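Asks: Listed below, chain by chain, are the residues.
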Amino acid sequence: MIRLKYLTLLLSIFQIVIVNTPLKGERVTGVVHLQNSNGTKEPLPYASVYWIERSKLFTTNSDGTFSFDREEEERVSLVASFIGYTQDTVILGNGDKEVQFTIREGMELQAATIVNKQQGSYISKITPVKTEVITAAGLCKMACCNLAESFENSASVTVGYADAITGARQIRLLGLSGIYTQMLDENRPIMRGIASPFGLSYVPGQWLESIQIAKGPASVINGIEAISGQINLEHRKPTAEQPLFFNLFLSDVLRNEANIASSLQLNDRWSTVTMAHYSYDPIEHDGNGDGFRDEPNGVQLNLSNRWLYMAQNNLQVRFGFKAFSDDRVAGQMGYNKETPLSTSIWGSHIKNSGLNGYFKIGIPLNSDNSQNIAAVADYSYYKMESNFGLKEYNASQNSLFFNLIYQNEVNEEHKYSLGLSYHDDKIDEHLKDYYQGSYNSLYPGRYESAASLFGEYTFTKDDKISLVAGVRGDYNNLYGWLFTPRVNLKYSFSDHMVFRALAGRGYRSANVITDNLGILSTARKIEAWGALKVEDAWTYGANLTGYFHLGQEEASLSFDYFRTQFSNQVVVDQEFDLSKIEIYNSVGPSYTNTYQVDFNLEPIERLTLLATFRYTDSKVTLQGQGLVEKPLVSRYKGVFNIQYATRMNIWTFDATAQLNGPARLPLFAGFGEYSPSYPIFFAQITKKFKNVELYGGVENIGNYRQNQAIIEAANPYDDNFNASIIWGPLMGRKFYIGLRYTLWK
Amino acid sequence: MKNIVKAAALIFTLLLTFSWAGAQTQEGKNKNESQVLFSVEIDCASCKQKLEAKLPFEKGVKDLKIDLEEQTVWFLYDNRKSSKEALVLALKKLGYSAKELKPKGEATGVEKR
Numbered sequence: 001m002i003r004l005k006y007l008t009l010l011l012s013i014f015q016i017v018i019v020n021t022p023l024k025g026e027r028v029t030g031v032v033h034l035q036n037s038n039g040t041k042e043p044l045p046y047a048s049v050y051w052i053e054r055s056k057l058f059t060t061n062s063d064g065t066f067s068f069d070r071e072e073e074e075r076v077s078l079v080a081s082f083i084g085y086t087q088d089t090v091i092l093g094n095g096d097k098e099v100q101f102t103i104r105e106g107m108e109l110q111a112a113t114i115v116n117k118q119q120g121s122y123i124s125k126i127t128p129v130k131t132e133v134i135t136a137a138g139l140c141k142m143a144c145c146n147l148a149e150s151f152e153n154s155a156s157v158t159v160g161y162a163d164a165i166t167g168a169r170q171i172r173l174l175g176l177s178g179i180y181t182q183m184l185d186e187n188r189p190i191m192r193g194i195a196s197p198f199g200l201s202y203v204p205g206q207w208l209e210s211i212q213i214a215k216g217p218a219s220v221i222n223g224i225e226a227i228s229g230q231i232n233l234e235h236r237k238p239t240a241e242q243p244l245f246f247n248l249f250l251s252d253v254l255r256n257e258a259n260i261a262s263s264l265q266l267n268d269r270w271s272t273v274t275m276a277h278y279s280y281d282p283i284e285h286d287g288n289g290d291g292f293r294d295e296p297n298g299v300q301l302n303l304s305n306r307w308l309y310m311a312q313n314n315l316q317v318r319f320g321f322k323a324f325s326d327d328r329v330a331g332q333m334g335y336n337k338e339t340p341l342s343t344s345i346w347g348s349h350i351k352n353s354g355l356n357g358y359f360k361i362g363i364p365l366n367s368d369n370s371q372n373i374a375a376v377a378d379y380s381y382y383k384m385e386s387n388f389g390l391k392e393y394n395a396s397q398n399s400l401f402f403n404l405i406y407q408n409e410v411n412e413e414h415k416y417s418l419g420l421s422y423h424d425d426k427i428d429e430h431l432k433d434y435y436q437g438s439y440n441s442l443y444p445g446r447y448e449s450a451a452s453l454f455g456e457y458t459f460t461k462d463d464k465i466s467l468v469a470g471v472r473g474d475y476n477n478l479y480g481w482l483f484t485p486r487v488n489l490k491y492s493f494s495d496h497m498v499f500r501a502l503a504g505r506g507y508r509s510a511n512v513i514t515d516n517l518g519i520l521s522t523a524r525k526i527e528a529w530g531a532l533k534v535e536d537a538w539t540y541g542a543n544l545t546g547y548f549h550l551g552q553e554e555a556s557l558s559f560d561y562f563r564t565q566f567s568n569q570v571v572v573d574q575e576f577d578l579s580k581i582e583i584y585n586s587v588g589p590s591y592t593n594t595y596q597v598d599f600n601l602e603p604i605e606r607l608t609l610l611a612t613f614r615y616t617d618s619k620v621t622l623q624g625q626g627l628v629e630k631p632l633v634s635r636y637k638g639v640f641n642i643q644y645a646t647r648m649n650i651w652t653f654d655a656t657a658q659l660n661g662p663a664r665l666p667l668f669a670g671f672g673e674y675s676p677s678y679p680i681f682f683a684q685i686t687k688k689f690k691n692v693e694l695y696g697g698v699e700n701i702g703n704y705r706q707n708q709a710i711i712e713a714a715n716p717y718d719d720n721f722n723a724s725i726i727w728g729p730l731m732g733r734k735f736y737i738g739l740r741y742t743l744w745k
Numbered sequence: 746m747k748n749i750v751k752a753a754a755l756i757f758t759l760l761l762t763f764s765w766a767g768a769q770t771q772e773g774k775n776k777n778e779s780q781v782l783f784s785v786e787i788d789c790a791s792c793k794q795k796l797e798a799k800l801p802f803e804k805g806v807k808d809l810k811i812d813l814e815e816q817t818v819w820f821l822y823d824n825r826k827s828s829k830e831a832l833v834l835a836l837k838k839l840g841y842s843a844k845e846l847k848p849k850g851e852a853t854g855v856e857k858r
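Order-wise, the sequence lines are chains A and B. No gaps in the numbering here: position 285 of the first sequence is 285 in this note's numbering, and each next residue is one more. Remember, this note's numbering sits 745 above the position in the second sequence when you count from 1.
Treat the hints with care, since some could be wrong.
Said to hold, decoys possible - In silico SDA-like cross-links for lysine to any residue, where the CA-CA straight-line distance does not exceed 20 Å:
#	chain 1	residue 1	chain 2	residue 2
1	B	Lys810	A	Ala555
2	A	Lys687	B	Leu809
3	B	Lys829	B	Ser842
Quick caveat, the hints were computed from the structure, so don't treat them as lab data. Here the structure is a predicted model, which means the values were calculated and not measured.
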């Protein structure tokens, strides 16, 4: 970097010296080519070449060439043209002595060739699976400290706290807990097993380029765990021309955060990106006066380095690692890491650390890459050490994942993939459960491995129909054979009306403690009834999206319906025995129906409106109660977002209103039967300067909070103490400011 | 609840005011403003991001639209402070060669200048 500066300096000095030497003339020669519609080039005689500064016109010779003299420092802007053909403009740099022009036949032809180059980046209209994309611009709409906070404009994904203690965020997709959503990092499964409860907090929002949300079980290639959907994260790319990016953030409770990223292209083949994150919550804050911190205090550090190698024959290699450590203290005010565990104060100290490494290779088997082989290897280690009052929970996980995929694009219509896969999870867990003065140890960990075969066939016909059908068989050491069929269909009635439907099966092994982390922040005894079976569910869904002309851009209106039905679900029941948390295989039906409407409009230039509404009907069979509404699942959510940007997004104003519907409260939680519905408002202003963006905003403008979020907060060792009944925000109004700096190559 | 409604009302009023003001200036195109459409070989989202970060701060640039599908860059600029050539040069500095696209029906060739 420093060397580069010296070089620039040297060059400038050189330039000054040159400029001050007397001017000399030099000869410029050039040629004008005509590019035919089939791509071949030929010299074009009698074409006009116009020198703008000197208003001089030249005509090319019979071999398409021309020449003229210019002063050494003279500015030369040339336009080549020929009646009925396109123009080509070239501005000569100092010392340029040769110039080449290419002009083509008429405009229409040119437009046609350009369309063929179109990138598949606007997925929503193209992919067979309905995919909601949150782009970099969308991610910047919110302060988005981490992944959990990136979904505030989405009604599809609801984010809430897992409990009132740990700060762990939980998402819900299709009305189901985030554990049923498969999380992918560039198509590698992540946040599995005990890594799931805090996983979202360990993905800094500023590291991401985009997030893709697909509802329902999508492809079988990445495993069997997607039941309610897949969320794929795309990180900053090694190929981005951003040698330096940093971001600083500060909130009114003095949470401070720094992110730094650097993408470097070492040569044509090698590129790398390095990302680092630091955040610190220094202040104990108790806004609702219940004696407990509203959010934990602590320090988090994350580091990642990713490499990409691209050979000329399209062979690609990607590898990298990610490491993090997080140390957080929560619970009653005044509790700290050194405080001995006793019944005089209720505190929680949670230490999480983890490491992930991966290697991917894509090998083309023929010149047009229509046949290729891809292999993925991934290893993750995760460790959690914690106490919740007197309960202690320590766990570690080692996971391995291999995937080998052969893809063959037979022609434009038919494509198929075949593959082999293996995964291996070793989870060690020890819960020292404190209950009414005595300790009881539980070891819910497991060793699970599975070897799998899968195949997926894609049929595409003229952008009108596409069908993806996949099957997968997994031989699992705990559950035997698991068979997973999935199908996705897309049909375009016209350019303006797209229909999609899907059906598929998914499975998942429950991690009873970490999937329900809140149960540790209760005074209850945790009890599992016998051996737990694999969770097994079918999801069906349909979507109709219409695009129509209204306002500036194409407006869209979309309707969704999804249903997930469990054959077996591991149920965590707090209502059967009020002194216990009961965990059992479902004893009757468990299902969720979700209906959603999304509407996007740009009524005038640079003003965008987004309105979306979701209704969820979620039922579960509880022991002794029969089929009841699932507790703490809000019945509806509405989101209204309005954004206005001045020309070139120099200023961006953004406001979001959310209306969160009522949720059934467990029988013991008082308040009557349902939580109230409540609105939340967010606003943010961003100003763009050269290389720098400044932003400031407010979250939860109305300062809405769930009062008395913790039951028996005054007596945390009382039998009724419970911090897991959360349906609303724990933090009140929050102000923040931040800056983003980008150095472009 | 009252405060919430007030806050919401305030935000929406502000946004509508801004957008209305924006719409007014949009219509107020004057004789010092010219526009030009270039064909630029730009095919990646991050390339677009780069141009959107850099070009607004070129002298005289008033508005900018980049279309990845059509591979075009449209400028609205102050013709006292900038010119088509300066814009071509600005794109060239960022590593992109630009070719002007004339709206259909207008004669090509430079004789009209």
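Asks: All hints, please: hold or fail.
Replies: For each hint, the structure was consulted:
{"no.": "1", "hint": "B:Lys810 - A:Ala555", "in the structure": "19 Å, holds"}
{"no.": "2", "hint": "A:Lys687 - B:Leu809", "in the structure": "17 Å, holds"}
{"no.": "3", "hint": "B:Lys829 - B:Ser842", "in the structure": "13 Å, holds"}
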